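These protein sequence lines are chains A and B, in that order.
Every letter in the first sequence is one number past the one before it in our numbering, and letter 27, counting from 1, is 1398.
Every letter in the second sequence is one number past the one before it in our numbering, and letter 155, counting from 1, is 429.
Simulated from the structure, these hints should not be mistaken for lab results.
Owing to the predicted nature of the structure, the values given are computational and were not obtained by experimental measurement.
All C-beta atoms, glycine included, are put in the ideal place defined by N, C-alpha and C.
Possibly wrong hints are sitting among the right ones.
[What the hints assert, rightly or not] Far from chain A, by Cβ distances over 10 angstroms, these chain B residues were calculated:
| no. | residue |
| --- | --- |
| 1 | Ala341 |
| 2 | Ala342 |
| 3 | Arg349 |
| 4 | Phe350 |
| 5 | Glu354 |
| 6 | Asn357 |
| 7 | Thr359 |
| 8 | Ile366 |
| 9 | Lys386 |
| 10 | Val423 |
| 11 | Arg427 |
[Stated by the list, open to error] In the EDC-like style, the derived pairs of lysine to aspartate or glutamate whose C-alpha atoms are separated by at most 16 angstroms in a straight line are:
| no. | chain 1 | residue 1 | chain 2 | residue 2 |
| --- | --- | --- | --- | --- |
| 12 | A | Lys1393 | B | Glu332 |
| 13 | B | Lys360 | B | Glu390 |
| 14 | B | Lys333 | A | Asp1396 |
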Amino acid sequence: MRLSDLILPVVIGGILFYGIIKKVDIYAAFIDGAMEGAKAALKIFPYILAVIFAINMFIHSGAEDFIVRILTPITNLLGFPPELLSLSIVKPLSGGGSLGVFQSILDNYGPDSYIGRSASVLMGSSETIFYTTAVYFGAVGIKNIRHTIKVGLIAHVGSIFAALMVCRFFM
Amino acid sequence: MKSVWIFLIGLGFIFSFANGKPETAANVLFFDLQQSVELIIKLIPVMAFWTGLMSIVEKSGILNKLAAVIKPAIRFLFKEVANNTKAVNAIIMTIAANILGIGNSATAFGLKAMHEMQLVNKDKSTANNAMCMFLIINVSSIQLIPLNVIKLRADAGASSPGDILVPTIIATTFSTAIAIIFAKYFERKEVK
Chain A
1372 MRLSDLILPV VIGGILFYGI IKKVDIYAAF IDGAMEGAKA ALKIFPYILA VIFAINMFIH
1432 SGAEDFIVRI LTPITNLLGF PPELLSLSIV KPLSGGGSLG VFQSILDNYG PDSYIGRSAS
1492 VLMGSSETIF YTTAVYFGAV GIKNIRHTIK VGLIAHVGSI FAALMVCRFF M
Chain B
275 MKSVWIFLIG LGFIFSFANG KPETAANVLF FDLQQSVELI IKLIPVMAFW TGLMSIVEKS
335 GILNKLAAVI KPAIRFLFKE VANNTKAVNA IIMTIAANIL GIGNSATAFG LKAMHEMQLV
395 NKDKSTANNA MCMFLIINVS SIQLIPLNVI KLRADAGASS PGDILVPTII ATTFSTAIAI
455 IFAKYFERKE VK
């Protein structure tokens, strides 16, 4: 048994138990909330659809390859490993896509190589920026998202930089 | 978001023709779009379950003490909703679910938090500072234990699959710090 297996039962049990102590009608409250949640989940479907269409068009048309190709000379100058470029571009776009790229890095370079380690750290320290932003804001009808994507991408560059540095100096 | 969407699709169309692959659109339409159904089918039960539990959380007030303890941080990051119990509860649960890495659950709480923040948002079509900060923190990745990465490393035969744990925590902390600093910077820049 692992510690992570204990988290869910403790959280769920704790919430239910505390509700009973506080004399909340936990069944009615649960049904009310779940009704809201199910409706909210259905409402985000069009946004998920829209973002999946755009991301897959971008990746499968070869646009992503092209951007990797034009960026490679620049990143080479900076001493950035070209093998990580594709992962760096796909990760903010697509969780599933980045898993594929990550797997091929592990297969080609091995999980214990510098490339394999920094790819692992990058996978764990970055997120699917576009999908999350589209769905979260779409769900509540926000159109002007201001600086969200910009800062998200800055932080993404930050995690790429951190992944490379940490793997170079600490491992 | 509209411009990002148009940008990705526009490049997609241009390159599908330039590369002699006009069938890309059809392939995406008939194969890749099915992912959206998978995602939503997986999301509905998890989301309904957690919002159900969240409504018990709200009625019992179990998070109130924790919310009071971290109030200064909440006020710094999410000023507009710092006194809104429902929004603060959902924000706490989103961040906790993200840190623990319980997959879809974070999305469930995240959407709930967005909903609560939108209720008190003055301009319904424009994100306020709290919403931007919330999204930015979420997309900077705050997951502490990347279980899926460790599993893939183990499958690939790593000598010690979990040795990336501490480096990942360092990188995640660094990127989240950058995210908060820049989010604050843009908040202030726009006021002027």
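Checking each numbered hint in turn, tell me which of them this model violates, lowest number first.
9, 10 and 11
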